[in-house]
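Sequence order for the protein chains is A and B.
Each step along the first sequence adds one to the number in the numbering used here, with nothing skipped, and position 17 is 17.
Numbers given in the numbering used here equal positions in the second sequence, counted from 1, plus 113.
These are calculated hints, taken from the structure and not from any lab test.
Incorrect hints may have been included.
Claimed, not checked - So, partial list: chain A residues that the calculated Cβ filter (under 7 Å) puts toward chain B:
{"id": "1", "residue": "Phe47"}
{"id": "2", "residue": "Gly82"}
{"id": "3", "residue": "Gly84"}
{"id": "4", "residue": "Ala86"}
{"id": "5", "residue": "Leu90"}
Stated by the list, open to error - Distance condition first, Cα-Cα at most 20 Å in a straight line; then the derived EDC-like pairs of lysine to aspartate or glutamate:
{"id": "6", "chain 1": "B", "residue 1": "Lys212", "chain 2": "A", "residue 2": "Glu57"}
{"id": "7", "chain 1": "A", "residue 1": "Lys38", "chain 2": "A", "residue 2": "Asp51"}
{"id": "8", "chain 1": "A", "residue 1": "Lys38", "chain 2": "B", "residue 2": "Glu152"}
Claimed, not checked - Counterexamples of contact, computed for chain B against chain A with all Cβ distances above 10 Å:
{"id": "9", "residue": "His120"}
{"id": "10", "residue": "Asp162"}
{"id": "11", "residue": "Lys212"}
The beta-carbon is built from N, C-alpha and C at its ideal position, and this holds for glycine as well.
Next come the chains, spelled out residue by residue.
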Amino acid sequence: DAMVIQNPRYQVTQFGKPVTLSCSQTLNHNVMYWYQQKSSQAPKLLFHYYDKDFNNEADTPDNFQSRRPNTSFCFLDIRSPGLGDAAMYLCATSRAGLRDTQYFGPGTRLTVL
Amino acid sequence: GENVEQHPSTLSVQEGDSAVIKCTYSDSASNYFPWYKQELGKGPQLIIDIRSNVGEKKDQRIAVTLNKTAKHFSLHITETQPEDSAVYFCAASIRDTDKLIFGTGTRLQVFP
Numbered sequence: 001d002a003m004v005i006q007n008p009r010y011q012v013t014q015f016g017k018p019v020t021l022s023c024s025q026t027l028n029h030n031v032m033y034w035y036q037q038k039s040s041q042a043p044k045l046l047f048h049y050y051d052k053d054f055n056n057e058a059d060t061p062d063n064f065q066s067r068r069p070n071t072s073f074c075f076l077d078i079r080s081p082g083l084g085d086a087a088m089y090l091c092a093t094s095r096a097g098l099r100d101t102q103y104f105g106p107g108t109r110l111t112v113l
Numbered sequence: 114g115e116n117v118e119q120h121p122s123t124l125s126v127q128e129g130d131s132a133v134i135k136c137t138y139s140d141s142a143s144n145y146f147p148w149y150k151q152e153l154g155k156g157p158q159l160i161i162d163i164r165s166n167v168g169e170k171k172d173q174r175i176a177v178t179l180n181k182t183a184k185h186f187s188l189h190i191t192e193t194q195p196e197d198s199a200v201y202f203c204a205a206s207i208r209d210t211d212k213l214i215f216g217t218g219t220r221l222q223v224f225p
């Protein structure tokens, strides 16, 4: 029973062509996170939502945007993907910040041609 | 800034042996320390976690120890099996935030 679902699992886009990645959760968790993970590296936090409050990391490029229309869904928009944006994108959720555990989805592997 | 160092970066063991992965954190206010296992092409999966009011926690073949004074914590896997082969990440909470900082990962290979 998947709790954090990411779609699609694999996404191919062209250089400069906007792309949207989707995350949904069945846990009713308050917090949702987006991470970028490049090969053999640790996940890097891009931003997170505590309910509707958006929190951007200082070094997240402007090229990356996010939307959370409701508790269950969160989207990652990459406005003009570059070759350097090819990575695994991971969504995670937690019930109430670090009073509880972060649960990760399976990730979306983004390829930029 | 906050930092988590993780060692070793790769670890190879024979099936049945034990494996130990160590992490050191910099922020004395960190109070939550999860360990994640990531298999190829998949998202990280929580395998065990510990909070700062506890020194050790066990779950079957997996244990985590925490030394707050020295600011380090370790993952211990006993009786390793080939299916334990994966990349393991430690993480530490960042004070006054809902965020984690991750270690650089350890690739564990268990040979039959």
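| request: Against the structure, test the hints numbered earlier, and report the numbers of the ones violated in rising order. | output: Of the numbered hints given earlier, those the structure breaks are 1, 2, 3, 4, 7, 10 and 11, listed in rising order.
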